[in-house]
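S.K.: So the protein lines, in turn, are chains L and V. full-length UniProt numbering puts the first residue of the first sequence at 1, with every later residue one more than the last. full-length UniProt numbering puts the first residue of the second sequence at 1, with every later residue one more than the last.
Worth double-checking, as some hints may not be accurate.
No copy is singled out in the list; a pair is fine if it fits within one copy or between any two copies.
[As the list claims (entries may be wrong)] Below, simulated DSSO-like cross-link-like pairs (lysine-lysine); rule was C-alpha separation at most 27 Å, straight line:
| # | residue 1 | residue 2 |
| --- | --- | --- |
| 1 | Lys215 | Lys300 |
| 2 | Lys393 | Lys182 |
| 3 | Lys279 | Lys393 |
| 4 | Lys258 | Lys290 |
| 5 | Lys442 | Lys393 |
Since the hints were derived computationally from the structure, they do not count as laboratory data.
Number of protein chains: 2
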Amino acid sequence: MRVLAKDMVRAAGEKSGEELEVSGWVHRIRDMGGITFVVLRDRSGIMQLVFDSKPLDADGNELTLESVITAKGNASLNIKAPGGAELKVSSVRVLSRAEPDLPYQVNGNVSQFSLETILDNRMLSLRNPKIRAIFKIQATIIDAFSAYLRSRDFTEIKTSKLVGSGTEGGTELFEVEYFDRKVYLAQSPQLYKQALVAAGFERVFEVCPVYRAEKHDTPRHLNEYVSMDVEMGFIESEKDLIELEKALLSHIFEEVAKRNSAELEMWNAAVPSPEAVAKAPTIPYEETLKIVNEEAAKGKNPGSRIFDINPEAERLVCEWALREKGIDLVFVNEFPRRHRPFYTYPLNKGDGGAAATTMSFDALFRGLEITSGSRRQHDYKTLAETLPKFGLKAEDMAGYLSVFKYGCPPHGGFAIGCERLTQKILGLANVKEASLFPRDRKRVEP
Amino acid sequence: MRVLAKDMVRAAGEKSGEELEVSGWVHRIRDMGGITFVVLRDRSGIMQLVFDSKPLDADGNELTLESVITAKGNASLNIKAPGGAELKVSSVRVLSRAEPDLPYQVNGNVSQFSLETILDNRMLSLRNPKIRAIFKIQATIIDAFSAYLRSRDFTEIKTSKLVGSGTEGGTELFEVEYFDRKVYLAQSPQLYKQALVAAGFERVFEVCPVYRAEKHDTPRHLNEYVSMDVEMGFIESEKDLIELEKALLSHIFEEVAKRNSAELEMWNAAVPSPEAVAKAPTIPYEETLKIVNEEAAKGKNPGSRIFDINPEAERLVCEWALREKGIDLVFVNEFPRRHRPFYTYPLNKGDGGAAATTMSFDALFRGLEITSGSRRQHDYKTLAETLPKFGLKAEDMAGYLSVFKYGCPPHGGFAIGCERLTQKILGLANVKEASLFPRDRKRVEP
């Protein structure tokens, strides 16, 4: 019966004297002359093996780093061993011998490698426990997101990623050769979420890949990312959505704190408490601009002006909120019409003019936009009239419009960027670090 | 405070005399002269509203089917009303008026419509409670699959769907224009699952879209489907995987039975009990062929021979198992080498000849293959030698091979087709019925 690293201390106590079996990857080898210490890594952590002679495989080869082995022996407590216990090995079997020309130092310090090196050696860099920790936390985020929404009567949906046209206006789409025609990779499940709310599910969510054919390469962009999408019927305004997202983020943070304390510690990271999340302010767009300009005036370029919620503004307003409210989570609402897609609901009925604002919001966390959301226009006639103003044709959007033509409740939704939330929880410099196999303009391997 | 249809009986009892509010879609209207009965549909079910005059909106228009309304009134028990209670309406507000030219009869009997009609009117056909029920069950399947695997220490992963080449040999791939190069939509997360087991996660799962550019149109194929993928390290053979899948299916069936009894009832469907699943036989490929030929000999064409586990064989062996074992779930293992991908592990070490068999299996449920799985070859040198025999080049597969070059445990996995499992639980004639927005050669809308 195999014992995992995390259970070694307990096993050393409970099964003292019994032969135990462990399996894993050779993480580190220290040859001390007569005796050899091997740090073995499994899915749960690391443990120390002690060999009283040089460990060899059945063919007489020396152990190599990253080889996969099964060892048997007696466990004992050792306060100096990683994890607090060690196994005195009586027999070892090499299940898979690693070639000795390891091109990436798996047991090295992550911070000593460039992002390029980490991603070029992705199959090996993921073996590092600190890097693996990123994705243990990401798994918790996805589970906590889904579980919370299920508890609120949301239905999980799986919608097509192959669409006839874009929902955001047709730019930045990847083209797919689909038999004898062209289709596109979905930029978001927006239309489908709305369609399913209107179909009577009322409350839906989807965790799915989305695609943006943006050419720029920044620390905050991925060409393929995991979107955690929510849509909800019978709401009054974007404020209902902000309330939902606060509860959702609180739950996610609580679950990460509960399940991933070891992973957070590796990154010296912490998540906000539910009390702190409850204090996150909601600030209208114009007021946010005022705050960030006041903040900017205190900074290095006091004469510079910020005209938009750009990355600099996101950073400044989060700093302000941390100082003034005790949490670097901010909901900016009431974005001007010109900044939002055609389906965004106006704040004041009938107000479609240039100065018009909308029932929309972004969530900014630790200086980065992690969410965009809004109440949507659900009135068929208004939508049909709005399309031409955004350069869209009603005939191209007939499928979309039919959702609203035959009865659609007031509704809205938002999406949380899964990699961005992971990034900000851990304080990663680049969002690509939070994607198992990131795609950018140059990278489609591995 | 809104009351849902499912809570109306309780509300009629507990809040007798109080004014209640309900919201939903106008499912049916019966004008009885002086009094009008409206069946209102919400996410939880249907309920009866009683108007003592013709219901009109604020502009004096008559109610139309599928309009979304909010009504207030007093609830009372009525054994003859759908759900057992009804609301005597004192006021009504139309939130969204449906145009009266409804092109699809939402409240009709699903079996009266062809699949084409249902899919051509997808935005409306999904409003039918019986069709919606399919996807309520699908949501349970996905949740139960994920929850069970999490309880067994599997980590949820999200891997790229854009890949440089196919993992199954390069045929049947959809091409994507990716900036200045071409990539493909992933046929399965196979390589990534294996890479992450090797990276130390040991046990991973993913629920994700996969793509097959197959031109044929059959009741069992989709060009885009949801794959529920599992991969597990430190296994001995495919039998460990069959054991895992049995436990997994048992859990899924139990959760569907528990959470979706109303939906199962709409389809007159039932799921197998855990006791029945435990009895599902595992039958080697050759023996399965023998059984199906014996079964075929008793049938309409007693002279015909079956040389392969084709759809006819899948049906026959499931019928046999239901009769002989009490469950129409069969695991066929030990497939011949020639039927399986290059990465499949041989049953007898070194046996790569034409007669060789593999540590592989399919799961057949109610006459349909729902799973394919195997132990994988994890030995670097053997894999490198195997590739040319399958017409593959080691240099094209360098990324894949590097996973095994530096230590990879024995491992294997499988995938369950989410739509096929949904289809077979409910007894749907075509797998497309179990996809919210199915894609086939002709259909990419909506």
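S.K.: Flag every earlier hint the structure violates by its number, smallest first.
M.R.: 1, 3 and 4
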